[in-house]
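Chemist: Single-letter residue listing:
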Amino acid sequence: MAEQKVELFARRLDRGVQQAVHSNSAAGTEKRYTVLGKDYSAPDDLRRLAGQIRQHAIEHLDTYLEQAEQSLKRQGAHVHYAVTAEDACRAVSDILQKAGAKKVVKSKSMISEEIHLNDHLGSVGIESVETDLGEYIIQIDGDHPSHIVKPIIHKNRRDIAKSFEREGLGDYNDDPETITRRARVFMRDKYLQADAGITGANFVSAETGRLVLVTNEGNSRFCLAAPKIHIALVGIEKVIPSDAELAVLLNLLGRSATGQQLTVYTEFINGPARTDRPSGPQEMHVIFVDNQRSQILASDCREILRCIRCGACLNVCPVYRQASGHAYRSVYPGPVGAVLSPLLAGKNFKQLADLPKASSLCGACNEVCPVDIPIPDLLLKLRNRGHEEHAPSPGTPPMGAFAKLASSPMLWRFAMKSNKVMNLVPLEKLPLPYLQPWLKTRTLPEWRGGEFRSWMKDRRKK
Amino acid sequence: MTQSPSRPTGRTVQLMATCLCDAFFDDVAKATVEVLEHAGCEVEFPENQTCCGQPAFNCGDWPASREVMRHTTRVFEGDKPVIVPSGSCAAMLFHGAPLEFEKEKDLPTVQKLASRTWELADFLVNGLGIEKWPGRFPARIAFHRACHTRGTGSGEAALKLLESIDGLEVIPFGEAEQCCGFGGTFSVSFPHVSSSMGCLKLEHMTAANPDFIVSGDMSCLMHLGGLADRGGQPVKTLHFVQILQSALHRHG
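Chains A and B supply the protein sequences, listed in that same order.
Using the working numbering, the first residue of the first sequence is number 1, and each one after it goes up by one.
Using the working numbering, the first residue of the second sequence is number 1, and each one after it goes up by one.
Watch out, some of these pointers could steer you wrong.
Straight-line Cα separation of at most 25 Å, DSS-like style, residue types lysine-lysine; simulated pairs [unchecked claim]:
no., chain 1, residue 1, chain 2, residue 2
1, B, Lys236, A, Lys440
2, A, Lys404, B, Lys103
3, B, Lys30, B, Lys132
4, B, Lys30, A, Lys457
5, A, Lys102, A, Lys228
6, B, Lys236, A, Lys457
7, A, Lys461, B, Lys30
8, A, Lys404, B, Lys105
9, A, Lys347, B, Lys103
Among the chain B residues that face chain A by a calculated CB cut under 10 Å, a handful are [stated by the list, open to error]:
no., residue
10, Ala23
11, Ala56
12, Glu77
13, Val188
14, Gly198
15, Phe212
16, Asp229
Hints listed in this document are in silico derivations from the structure and should not be mistaken for laboratory results.
Every residue gets a Cβ at the ideal spot worked out from N, C-alpha and C, and that includes glycine.
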């Protein structure tokens with residue numbers, strides 16, 4: 001029988017990688033729990049409030065997006081809109097080519113991964129260097145992030161030391177501090193040489209046009225220190241009504257993502273340099289990227305647009321811990337990815353329609369989500385959509401016969417009793433394709449169909 | 001999880017035994033009847049009941065699941081509390097069904113059943129107001145809070161009752177918030193991931209050296225027990241209602 005792709009990936013996954021992903025994720029979950037519990041008496045109330053704030057923002061996105069555009073322009077920024085991933089890539093390269101820019105430095109941004117920006121820039125002859133250490137390692141390895149916040153969760157320091165040696169960043173040395181120092185030295189030159197800095201945005205305030213960036217390495221600040229041009233790629237759903245909501249959202253973001261009360265760097269960017277504010281890039285461009293988000297907003301899965309990319313759902317997810325991020329074959333792995341990735345695939349939904357099935361629906365993701373996204377409900381809705389669109393789903397038993405049986409009490413009672421024959425035959429030899437995967441690792445208890453019903457009847461007679 | 005704030009608490013109740021108890025675990029269904037009766041309830045068992053439709057719901061075949069759910073709403077007509085000795089099947093009635101009927105004309109019928117549904121421990125503690133369970137059960141248990149009780153009062157309610165039993169000790173274990181890996185048809189369509197999750201759960205639980213592994217969902221216990229059994233290191237599993245029943249018998 002054909003196998004589910006996530007299952008196959010998990011089964012073949014290197015044990016060392018699986019254990020690294022598991023222990024790292026589990027530690028993240030633990031840290032989040034401790035820090036939130038220490039600082040707030042009712043963290044769940046705060047999560048629900050944040051969920052309402054984000055839901056409000058996306059449900060009034062038409063208003064807030066326009067308002068954000070006006071505010072950003074007032075601050076002196078240029079605002080662009082990109083409908084597709086290709087549009088977004090082209091918008092970036094157009095700005096760069098117009099300015100004669102050849103070299104850019106990038107801070108970590110999931111949306112740039114989503115639109116495959118580095119590949120595009122490479123194809124038009126622009127050098128783009130990832131400055132977040134994890135992302136840089138991914139870049140030199142030609143690899144893909146396997147976690148939203150910890151992109152190299154699947155690598156160990158020996159792998160990284162080998163990559164650095166290969167790239168001419170010194171002799172083999174797997175001491176984390178040495179690796180970091182070498183990266184810093186390398187990056188300093190890149191920052192100084194760059195013509196432009198590219199960032200994402202964690203939030204954009206519609207009221208003020210303030211763009212908020214959080215990092216732990218300070219690399220986004222460096223990306224905006226020397227270069228003349230700042231390009232920010234922003235998913236349209238990142239807009240929030242005003243600065244006031246940041247009090248709730250930033251307090252939850254750091255704690256949920258890394259168990260930090262606040263990330264080491266939180267930047268508030270109010271447009272490009274001006275005479276009264278001389279530091280920073282001369283030119284600022286904000287590119288609002290749709291890339292299927294309007295379709296998601298129109299669908300019954302719009303709650304996923306609340307996501308603030310903290311990665312807490314990945315950390316807590318037992319399936320993610322077994323399968324690792326690459327099993328999801330997309331930029332966003334884990335529970336959020338299992339919802340978001342097939343939706344972002346648009347017309348190619350069916351190609352990723354297996355992802356929502358890769359879940360035991362345990363609901364731990366919803367329990368840790370800082371914006372209270374009902375992820376299990378969304379997974380279920382997408383399973384239904386996959387079924388409606390006849391997406392292939394190996395190993396999923398057909399349910400038509402079950403429904404007939406379970407809607408007919410007579411047939412049901414008969415099946416309950418007659419199945420007792422199962423106790424007399426070696427189950428392992430039965431040609432039942434959906435029973436065998438169970439029996440391979442698990443025994444089945446004795447069939448006792450109908451026993452309770454007769455006990456109940458006798459009891460009533462007494 | 002959506003749960004109605006004003007669920008009925010009368011003492012004439014309808015039991016939904018669940019298909020797993022119907023097929024495998026008659027002991028658990030019997031214990032549920034005895035425990036409810038001890039709590040002063042009259043237990044009705046609508047004989048035409050089958051299944052809550054969750055297997056089809058989780059597979060994405062919502063039309064098939066709705067067919068089963070429509071049957072279930074007809075079987076459990078009326079206003080009495082519907083009691084389910086499974087967090088998972090209860091959640092299907094009060095949360096899953098309204099979700100799959102969101103765009104259906106008969107949503108109100110399904111919502112009505114949803115608003116009468118109680119998971120067993122939740123009903124005993126939060127419905128009937130029982131704070132303490134009589135009797136004795138001298139054992140150390142590892143309690144697995146089944147996942148479908150997240151966001152409900154069930155897990156806490158079961159623990160409250162268990163911890164009040166004389167001689168019983170609930171012992172902590174690692175990564176307690178993690179799923180056992182059953183997940184319905186997930187267990188057969190992702191057998192490796194499902195079994196790996198289960199083995200990890202068993203590792204954490206058995207490291208605490210309990211006399212029994214206890215839960216409020218027979219599906220979790222069937223999976224964990226089956227894994228341990230196949231692995232050659234069987235564990236003893238019990239539904240919490242079996243402990244409540246057993247404690248009564250040792251009451252004197």
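Chemist: Hints first: check each against the structure and report whether it holds.
Modeler: Going through the hints against the structure:
1. Lys236(B) - Lys440(A): holds (21 Å)
2. Lys404(A) - Lys103(B): holds (22 Å)
3. Lys30(B) - Lys132(B): holds (21 Å)
4. Lys30(B) - Lys457(A): holds (12 Å)
5. Lys102(A) - Lys228(A): Holds. Lys102(A) to Lys228(A) sits at ~12 Å (cutoff 25 Å).
6. Lys236(B) - Lys457(A): violated (29 Å)
7. Lys461(A) - Lys30(B): holds (16 Å)
8. Lys404(A) - Lys105(B): holds (21 Å)
9. Lys347(A) - Lys103(B): holds (24 Å)
10. Ala23: holds (5 Å)
11. Ala56: Hint on Ala56(B): holds, closest Cβ of chain A at ~4 Å, below 10 Å.
12. Glu77: violated (14 Å)
13. Val188: Interface hint status for Val188(B): holds (4 Å vs cutoff 10 Å).
14. Gly198: holds (8 Å)
15. Phe212: Cβ of Phe212(B) sits 16 Å from chain A, so the hint is violated.
16. Asp229: holds (4 Å)
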